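Could you build the full structure based on these sequences and the hints that come with them?
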Amino acid sequence: SQKIEQNSEALNIQEGKTATLTCNYTNYSPAYLQWYRQDPGRGPVFLLLIRENEKEKRKERLKVTFDTTLKQSLFHITASQPADSATYLCALGANDYKLSFGAGTTVTVRA
Amino acid sequence: GAVVSQHPSWVICKSGTSVKIECRSLDFQATTMFWYRQFPKQSLMLMATSNEGSKATYEQGVEKDKFLINHASLTLSTLTVTSAHPEDSSFYICSALQRPEQFFGPGTRLTVL
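Chains V and P, in that order, give the protein sequences. Note that this note's numbering gives residue 152 to position 79 of the first sequence, counting from 1, and the numbers run on in steps of one. Note that this note's numbering gives residue 1008 to position 102 of the second sequence, counting from 1, and the numbers run on in steps of one.
Just so you know, the hints here were simulated from the structure itself, not pulled from any lab data. This list has only true hints and no planted wrong ones.
Derived list of chain P stretches under chain V, where covered just means 3 residues or more per stretch with a C-beta under 8 Å from a C-beta of chain V: (1) 949–961; (2) 1002–1016.
DSS-like, lysine-lysine: derived pairs with alpha carbons at most 25 Å apart: (3) V:K171 x P:K947; (4) P:K926 x P:K970; (5) P:K947 x V:K76; (6) V:K171 x P:K961; (7) V:K144 x V:K130; (8) V:K76 x V:K128; (9) V:K171 x V:K76; (10) V:K171 x V:K132; (11) P:K970 x V:K171; (12) V:K128 x V:K144; (13) V:K171 x P:K972; (14) P:K972 x P:K961; (15) V:K171 x P:K926; (16) V:K136 x V:K171; (17) V:K136 x V:K90; (18) V:K76 x V:K144; (19) V:K90 x V:K128; (20) P:K972 x P:K926.
Here the structure is a predicted model, which means the values were calculated and not measured. Where a beta carbon is used, it is the ideal one built from N, C-alpha and C, also for glycine.
This is the structure we're talking about:
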């Protein structure tokens, strides 16, 4: 069966450092992969989309890589700030645009 | 741009009653919207795909007679939880598709007493 695993449930880092989150998947061939941010009691907010034929995408302090051979995506937040504290979700997209979500990694950035 | 609203943001109801949740795309037209459910500390689970002008398609295990979906216009989809029971208490989130990205609403917290 399909499985999406995000590396850890929680990640605590010092302000200014880089947070690296992992998303691994099995039994799946996504057409694209998305990363979302979710704050408590709120809906997910779209951050980045990377397609299966792309290796890397950047947006401001965010960087996503996608390795379809390893079946893995890495999500980096550079120069992290306390305001980056949230839960980050990876989601795999199919050709019918349906998304399958991982359970999320909660990032806490200490000042 | 790409703003999606949901109403209400929270609702408390008695067991056996029905509850309607609205999802609107405010600044774009969405022929396709999705409905998700999220239990505490769990992932979002897709419930159904709502297509404007046609019947919704439901994921395996989701009762279509219990979760009625109507997508009457290009900016509005509604989810009605019929005869709600305490086990239906959850966080319901909709999204609107602007291919290939999905933009999510803020969610509706349903509590069934």
